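Trainee: Following the hints, complete the assembly by docking chain U with the ligands onto the known chain W.
Protein chains in written order, with the working numbering: chain W, 140 to 320; chain U, 128 to 407.
Please keep in mind that the hints were generated in silico from the structure rather than gathered at the bench.
As the structure is a computational prediction, the values presented were derived from the model and not from experiment.
Backbone N, C-alpha and C fix where the C-beta goes; we use that ideal spot for every residue, glycine too.
You can take every hint at face value.
Simulated coverage check for chain W against chain U, where a stretch passes if three residues somewhere in it have a Cβ under 8 Å from a Cβ of chain U: (1) 175-186; (2) 208-222; (3) 234-243.
Only pairs whose alpha carbons sit at most 20 Å apart, straight line, appear in this in silico EDC-like list of lysine to aspartate or glutamate: (4) W/223 x U/285; (5) W/223 x U/219; (6) W/171 x U/285; (7) U/130 x U/254; (8) U/322 x W/288; (9) U/225 x W/156; (10) U/235 x U/221; (11) U/225 x W/154; (12) U/235 x W/313; (13) U/226 x W/158; (14) U/322 x W/246; (15) W/314 x U/227; (16) U/231 x W/313; (17) W/314 x U/228; (18) W/317 x U/228; (19) U/226 x W/313; (20) U/322 x W/248; (21) U/225 x W/225; (22) W/171 x U/287; (23) U/225 x W/313; (24) U/225 x W/158; (25) W/314 x U/219; (26) W/171 x U/311; (27) U/389 x W/288; (28) U/130 x U/252; (29) U/225 x W/231; (30) U/235 x U/219.
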Amino acid sequence: MKSLVIIPSPDFRRELETESGERVSSCIQCGKCSGSCPVFAIMDLGPRRLMRAVQLGLREEALGSNTLWLCLFCMTCSSRCPMKIDVARVIETLRHRAIKEGVRPADREIALFHRLFLAEIEALGRAYELGLGGAYGLLTLRPWTNLREFGAMLRRGKVPFIPERAAGSGPLFEKARKAGG
Amino acid sequence: MAKAFAYYPGCSLHATAREYDVSTRAVFSALGMDVKEIEGWVCCGASSAHSTDHLLALVLPAHELQAASEMERPVLVPCAMCYSRLKLTLLELERPGKKEEVGKALGKPLGKMPAVLHPMEALREEEIPVKRPLGGLKVACYYGCLLARPQGVVPGEDLENPQGMDRIMARLGAQPVPWPFKNECCGASMFLAKKDLLLRLSRRIVFQAQEAGAEALVVGCPMCHFNLDLAQRGTEHPLPVLYLTQAVGLALGLPPSDLMLKRHFISPLPVLKGKGIWPG
Ligand code: SF4
Ligand code: SF4
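For reference, chain W alone in the conformation it holds in the complex (with noise of 0.2 Å):
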C-alpha cells in the first residue's frame, strides 16, 4: 500500500454491500480467489487483498487498485469462494464507483480500451474491429503494435473495410444516461 497515513472509511464497505448485493464482511482471507485468478501475478493487490481493503474501509486502496481494471470478469473466484461471495460483482461495482467518483483509472490502456468501444457502438450500434483498432493505436500513439496481426485478418476477410450499422443504440446510450442520472 502506497501511504503511510491509513484513513479507513468505515461506511465504504456498508455502501458497497449495498450496491453489489454481496457480503464482503463474510470474507475469511482464505486466499481461494486470488489462487485461482488468472492475472493475479500482474495485479497490485489482487481479489482477497482487494476484499480486505472494502472490509476495512480503506477506499483509497481499492479505488485506486489496477484489480479493478485487470480483472477480466471470468468469474473464476466467484464461483470458488467458499463464502458464496460474487468476487467479480463486488470488483466490477468498485470499478463502476472509481468512474463515477473520477479516481484515475489504475491502468489507462484498458480504461482506453472501453471508452472507445462504447464510443463506437454508440455511434455505429455495432463494433467495428477496425476502426476500434485504429482508434486506439492513434490515442496510445502506437499506431503500428498491431498491424500484422490486422493485416492477416483482413486478408482472412475477418474484418470488413466498411462498417455495418444498426440504427437504435444511441438513443439507448441517451435513455441509460438519463435514467442513470
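Mentor: Quick look at chain U with the ligands alone, frame taken from chain W:
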C-alpha cells in the same frame, strides 16, 4: 412442430467470426430448425458496458430480449460473451425492482422474458444424423469462462468439468480428451490493451490441450476462437481450433461452403485430411 429460434448473432459473427454464423445457420437448418435473425439488433455492450456502467449493461441486452419476446421465440446466441450478457441480464432482472427500472429506462415495460440458449444447449438435446463420422479425431473441448460460469447460468453443466460439448463430439464419432484447462480464461477482450497477457493465457491453454493428446480444439465462443487461433500464429505444431457448429456440420456432411474452414489462422485441413474427413 419444428423448433424455432430468434437469432442474435452479435457483432463478432458478422465480422471476425463469420464462419461461426454461417455454420450455425447451416447446421440448424439441416436439423430442421427455424432460425430467424432479430431485426435491427444492436451490440450487447460486451465487456465494456458492464465494465463501466451498470444500467447501460442491462439496457442493451434487455433491448434484444424484448425484441425476441415480441417474436415469441427463445433466443439462440452462438457468441458465449453475448450469451452470458443476456443470461446475466435475465438473472439481474429478477432482482427486486430491476425489471421496472430497466423498462423505464427503455421507455417500454418489459414483458415476459424469453429463454436464452447457446447452440451447445440446443444441440445437446437434439438427434444428430451423422453422415460423416469424425474418425476418432481427438478433440479438447474448451468452454472458456462463459459456458461454464457462473453457477446456474448454463443449466446442466458442471462448473469445473463441463461435459456438454464433449458429449456432442463423442456422438459425432470424435474422441474428446479429458484435460484440466476446459474453463481457464483465454484473456477475453484484452487484445488491444494487454496483448502479451492474452497471448500468455491462450498459449497455456493450447499447451495443456496438446499435453492431453488433442489434435484439435473445439470452442463455442468467437472471442475464445480468435484468441486461441491468433496466439498460435508462427508457432510450431499448432492445434487447429474448430467451432462446435463446424464440427457438427462436418459430421452432418455439409459442403465446405457451409463450414468456411479456410478462414482460420491455423488451418484445420491437414488434420481433417489425415483423418479422411475433409469434405473438399
Ligand atoms: S475466496 Fe472468498 S472467502 Fe476466500 S479470500 Fe476470496 S473472497 Fe474471501
Ligand atoms: S473474475 Fe477477475 S478477479 Fe476473479 S478470478 Fe477472474 S480475473 Fe481474477
